[in-house]
Amino acid sequence: MKEPTVRVQKIRRDSVKTRLIVFGILAVLLLVVSVFSEYLTPCDPYLQDLTIAKAPPSAEHLLGTDRYGRDMLSRVIVGSRTSIFSTLLLVAVITVLGTAIGVFCGWHGKWVDTVLMRLSDMFLAFPGLVFALAVAGVLGGGLHNAIIALAAISWPKYARIARSQTLAQKETAYIKAAKLAGSGAGKIICKHILPNIIGPILVTSMLDIGTMMMELAGLSFLGLGAKPPIAEWGSMMSDTRSLMNTAPWITFAPGVAIFISVMIFNLLGDTIRDYADPRNRGR
Amino acid sequence: MEPVLKVEDLTKVFSRSGQQDFTAVDHISFELMPGECLGIIGESGSGKTTVVNMVTRLLDATQGRIVLDGEDITHSKGAQLRKAYQKMQMVFQTPTDSFDPRCTLGDGIGESLRNHGMSAGETQKRVEQLLQMCGLPTEFASRYPHQVSGGQCQRAAIARALAIQPKLLICDEATSSLDVTVQKEVLALLSELRGQQGTGLSILFICHDIALVQEFCDRVLVLYHGDIVEQGIPDDVIQNPQNEYTKRLINSIL
Ligand SMILES: Nc1ncnc2c1ncn2[C@@H]1O[C@H](COP(=O)(O)OP(=O)(O)OP(=O)(O)O)[C@@H](O)[C@H]1O
Ligand SMILES: [Mg+2]
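Top line first, the protein sequences correspond to chains Z and W. Number 283 marks the last residue of the first sequence (this note's numbering); no jumps. Number 1254 marks the last residue of the second sequence (this note's numbering); no jumps.
Isolated chain Z, as found in the complex:
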């Protein structure tokens, strides 16, 4: 009677593993492309040639050219640097920062917890775009400041998840057992709390990659993020909206790039959640 269940579990686990490998490789591939984008372009992404402006896709220019005659494929590849790399940087920063603050608050409690959580309430209450405008006003525009602005308003979400999870963990018998085993706070947090709470946090950050990519693009559109002529998917799309009817490939190329990257990271997020679930851990 036992055997069928065991087999089903095994199959499910194997498929989760395969998915993890596939999406992991795809994500890493995207990353590699974004890091080495400068060396992978077939043409110079910034070279203007008005004689071939708005040319449809052809053998020479696989994705056509934009209104200044720049090769779209090259621009999309170079754009991955700004779009993917800065998004990942942003998400990594808020994940680490937010989790650290949340775990600290949850573990320590008392006044530190109160102060930091009220602070996070304040940041949560700010409309993101207004805050980004304020940051841009104080620090000036540019990609770096856009990242800082988005990080400042996004960390509280992670802090809240990490805090509530830590509070729940603190009550478990195995944390009490770890205390009785003579483990100090640092060891308990690293060995028992973090591994048990990191699943939902990682899933949140994976799913946030898409949102953040969009928000960075939005800020770029307002002139608060990446500045032209820097290739950035979001701003490339916004800039060329008016050409949708005459030369749709110019808008579609970066759009599809965003779609594919967001999709890959979302699927990776789901897979990591499935994999992190201890019930999926085989014998």
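Derived by calculation from the structure, the hints in this document are not laboratory data. Only true hints are included.
Below 25 Å or equal to it, Euclidean Cα-Cα: the simulated BS3-like pairs (lysine-lysine) are:
id, chain 1, residue 1, chain 2, residue 2
1, Z, LYS170, W, LYS1087
2, W, LYS1006, Z, LYS179
3, W, LYS1083, W, LYS1125
4, Z, LYS176, Z, LYS191
Incomplete in silico selection of chain Z near chain W, CB under 8 Å:
id, residue
5, THR172
6, ALA173
7, TYR174
8, LYS176
9, ALA177
10, ALA178
11, LYS179
12, LEU180
13, ALA181
14, SER183
15, HIS192
16, PRO195
17, ASN196
Have a look at the derived ranges for each label pair, beta carbon to beta carbon:
id, chain 1, residue 1, chain 2, residue 2, range
18, W, VAL1180, Z, CYS190, 36 to 42 Å
19, Z, LEU139, W, GLN1124, 50 to 56 Å
20, W, ALA1120, Z, GLY140, 51 to 57 Å
Only a predicted model underlies this, so the values are computations on that prediction, with no experimental measurement involved. Quick reminder that beta carbons are idealized off the backbone N, C-alpha and C, glycines included.
For chain Z, the structure is supplied; the task is to place chain W with the ligands on it using the hints.
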């Protein structure tokens, strides 16, 4: 002889916002001698867990003193408390929940050993030895808590509690979540361990089953609404209960 554990005037008041303060444990005192097995019985909500949590310092006492092996640990913190945990260990009520789902049983059992400076290789050997002592095959060291039964897990929990050879073992309803036959096995294991260790191991045995206490303990305290209403040799208490509540408790079982 010095008592292993001396509890004086221990009190816990829970203050809940918007409600009246609630006295869960009300000025109780007791002693536990080396090699002795002291049972605490009482109905659900009588404050048994609160007492043990204060003794193990997982919960701060409102008032009173806890002296472990001659050392006052009522307000110990950090390193001092970790030293106290070398003398005192606990077996929890729910075996599976008391092991981290992401660590193997071996990791859990060896954690205290590693914390007290034993090398990885030596710890592994000692863990295998402990598992055998508690009647489990050595390959259980690499199993996860959800891969073993409740009874097996509780054996592993006892192995963990005994790893650093404590003087005081606290069992908070360690057998309650197990079925009757497994309960018997675990109790037999505890008796056997007591026999082996002689006066080296004292046990504080929390239970709500008076029959188990009669079988297993040298002395028993009856806790009612946070107060010790009766104490003595289990047989005496059961055959000749003085207190009204104890009478009711015994009648309800017989
Ligand atoms: N953190 C808390 N805050 C408020 N009240 C509490 C708290 N913990 C326990 N209590 C109360 O203290 C009383 C004693 O609880 P305790 O857990 O010690 O009972 P117990 O004897 O162990 O019961 P059981 O046999 O069900 O385990 C209960 O009435 C409970 O509601
Ligand atoms: Mg209890």
